[in-house]
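Those protein sequence lines, which keep their order, are chains B and E.
So the first sequence is residues 4 to 182, counted in the numbering used here.
So the second sequence is residues 2 to 562, counted in the numbering used here.
Keep in mind that the hints were calculated from the coordinates and are not lab data.
Take these hints with a grain of salt, some might be off.
Pairwise CB distance ranges (calculated) [what the hints assert, rightly or not]:
| # | chain 1 | residue 1 | chain 2 | residue 2 | range |
| --- | --- | --- | --- | --- | --- |
| 1 | B | Leu167 | E | Ala474 | 29 to 39 Å |
| 2 | B | Asp67 | E | Asp346 | 52 to 62 Å |
| 3 | E | Lys372 | B | Asp165 | 27 to 37 Å |
| 4 | B | Glu86 | E | Ala198 | 43 to 53 Å |
| 5 | E | Glu132 | B | Leu167 | 49 to 59 Å |
| 6 | B | Asp91 | E | Val51 | 24 to 34 Å |
| 7 | E | Ala44 | B | Arg113 | 20 to 30 Å |
| 8 | B | Asp67 | E | Ala474 | 41 to 51 Å |
Cβ atoms here follow ideal geometry from the backbone N, Cα and C, with glycine treated the same way.
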Amino acid sequence: MQRRDLLRALGAVATMPAFAGLSAERLWALGVAAHGRTGALRTLTAPEAASVGAIADLIIPRTDTAGALDVGVVEFVDLLLTEWYTADDRDNLLYGLGYIDGLSAKYGARTFAELTSDNRTALATTLDTAEKPPTPSAASTWRTLKGLTIYGYFTSKEVMQDELKVKVWPGRWDGCVPV
Amino acid sequence: MTHDPYDAIVIGSGITGGWAAKELCEHGLKTLVLEAGRDIEPARDYVEHVQPWQMHFRGWGDRKKLEHDQPIQKNCYACDELGSKFFVNDLENPYTFDEGKRFEWLRGRHVGGRSIMWGRQVYRWSDLDFEANARDGVGVDWPIRYRDIAPWYSYVEKFIGISGNYEHLDQLPDGEFLPPMALNCVEQQTRDRMARAYGRKRVLTIGRCAVLTQAHNGRAACHYCGPCERGCITASYFSSIGSTLPAAKKTGNLTLRPNSVVEQLLYDPATNRLRGVRVIDAESMEAIEFEANLVFLCASTMESARLLLHSTSSSFPDGLANSSGQVGRNLMDHCMGGGARASVDGFLDRTTSGHRPNGIYIPRFKNATEKTSKFLRGYAYQGGAGRSGWGRGSSMPGFGAAFKQSLFDEGPWGISFYGFGECLPQEGNYMTLDPTVKDKWGIPAVHVNMTWGPNELALLEDMQVSAAEMLEAAGAKDITTYNDHSPPGRTIHEMGTARMGKDRRTSVLNKWNQAWDVPNLFITDGACMASTACQNPSITYMALTARAVDHAVDLLDRHEL
């Protein structure tokens, strides 16, 4: 990453005169500390990214095939939140994510990411079976993240090429073949 | 600035402009094709093989940019992350409509026009359609019948290549077919069960489409990649870029000029002929005049009428060739989107392979094989059956390893019948020039005034009922009806703003697509249509264009132009 891009990404903190002499690496570390952001993400804070990652991993875990985390679903969610969502939709999703973290307190954790595996499943089951949840709410964010996880996973290069084995040029059409 | 005269000028390079160019050039006429938009280079611009993971938004498009630049165009399914480049910028190409009378004008401005993104469905009309206005006393009678156009249907079909199944139906004449694409398992079962329930009254057949199922006229057979609307590097579906324009070019008589926005048709009262056209270069904004003895106006239904209305003179104060007052009137579009969907049991050990760029077709039966007094005319269905994929996961309960694995398998079969209905010509549905709004090139914008009438609304209701009946007869389950409530325009079959007729007092064009008022002006795009039938219209425009050129060349030979 170029220093100029770095400065833009980090915003006001990194442009304070006091930090003018820092190396790029130290500037980056400073930015992460100041904003709670990890390197590649632009909207999700580190704790939010951890919860989104834990949710995505629960929906599509790694098995004998790649899981959601292996194919960059968190980055895909961050991209949409940054460039595609309206401000209202983005805020609703993040508020809802906060509710999910809040519900984790019932199980003795501060965030969804800090839940034990069993407790993640227990909380997710209540969210997954909620009917017509209001927005924003924990269940509506769960539902949105579930859709984004599935879409981001199945449209990733790894899954389309290696698992679905999508043929770009099928060359023929058959209307009725054995599965 | 003026140029050496041409024998003929064609305005527009889409489905009809390409056909006019091919026919004129092959008759030996030095022909200038003026296209308002940019040039298209298939090797550079076609993007049908780009995969979701290669797109920034994985195919969802740049939502904020689309909402800003293409708030109307984005309503077309083909105006997506990659296909949006084949649709106009709505800010540069404004048009207006009254509050509460939404009309969607979906269009491209580039060489090839909408022949790049079109739906490729091709259905002949029959005399049920050509006689309809006379029978019902609606609009004006068509000046032609099926026998007049049938040889021209054959002529264009043989050149462009149509795949389809021979069905021997009176209301939907067969064409010159290449081998049909196969129905899938569930569609075949539905066809068979409908045959038992309805005989030949309601028939499910494979769509007739301008996609090659075998090599044809130097173009390759379809390789079933799927997204035709993003272009086709093997020219396996008909587009003017892939078929008619190359044929025109081969003659050595074609000059194709992109970025040429025709601003006015230039009328000479001394000869009662057009002497040429005035163009604004889309890039330099320079005004240029071109002269020719013959003009084919193929700019699309609404662009052609707009140009006529803007080409005023002391002889034609209300717009060129508009002594009838009919230019811009009787705007029509197929009413679409009533139908039903259902699930189908069984066939879980069967699937499909490849992406068929085509669906099923159920030809019109209401007021064709079955009389009804509830409405005039009728409707046909397009649609198809298929198994759901991983996309169903977001509305399925569950998560985790088993859930994930289930999404690698296909879901159950579903089927949908989606209706396309005839639209009646009505005086009250019209377009004019907006008194104040202009486009990027300073040309007055179109103002549209169109709503569905009671007949179209009745068709949309009945489409749902009949679709559910047929699905039930075919043994489908969980049948639900739907109505898209599509506004006029969204079907992208706009027609009728310079209609053909038998009487110059009530129509703009004669039976040869020749302007009653200006003999060396021919209009062969959708503007010429006196009614819409319910079939997709492009093949009829193509046949009328080839027929009109043949007649125009005859007149030239006899020095009657």
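Cross-check of the supplied hints:
1. B:Leu167 / E:Ala474: 29 to 39 Å: Check passed, 36 Å falls within 29 to 39 Å.
2. B:Asp67 / E:Asp346: 52 to 62 Å: Since aspartate 67 of chain B and aspartate 346 of chain E have Cβ atoms about 31 Å apart, the given range 52 to 62 Å is violated.
3. E:Lys372 / B:Asp165: 27 to 37 Å: About 58 Å separates the Cβ atoms of lysine 372 of chain E and aspartate 165 of chain B, which means 27 to 37 Å is violated.
4. B:Glu86 / E:Ala198: 43 to 53 Å: The hint (43 to 53 Å, Cβ to Cβ) holds, given that glutamate 86 of chain B and alanine 198 of chain E are roughly 51 Å apart.
5. E:Glu132 / B:Leu167: 49 to 59 Å: Cβ of glutamate 132 of chain E to Cβ of leucine 167 of chain B: about 52 Å, so the range 49 to 59 Å holds.
6. B:Asp91 / E:Val51: 24 to 34 Å: Holds - the Cβ-Cβ distance for aspartate 91 of chain B and valine 51 of chain E, about 31 Å, lies within 24 to 34 Å.
7. E:Ala44 / B:Arg113: 20 to 30 Å: The hinted range 20 to 30 Å is violated for alanine 44 of chain E and arginine 113 of chain B, with Cβ atoms some 56 Å apart.
8. B:Asp67 / E:Ala474: 41 to 51 Å: Given about 45 Å between the Cβ atoms, the range holds.
In this structure, the earlier hints numbered 2, 3 and 7 are contradicted, and the remaining ones agree with it.
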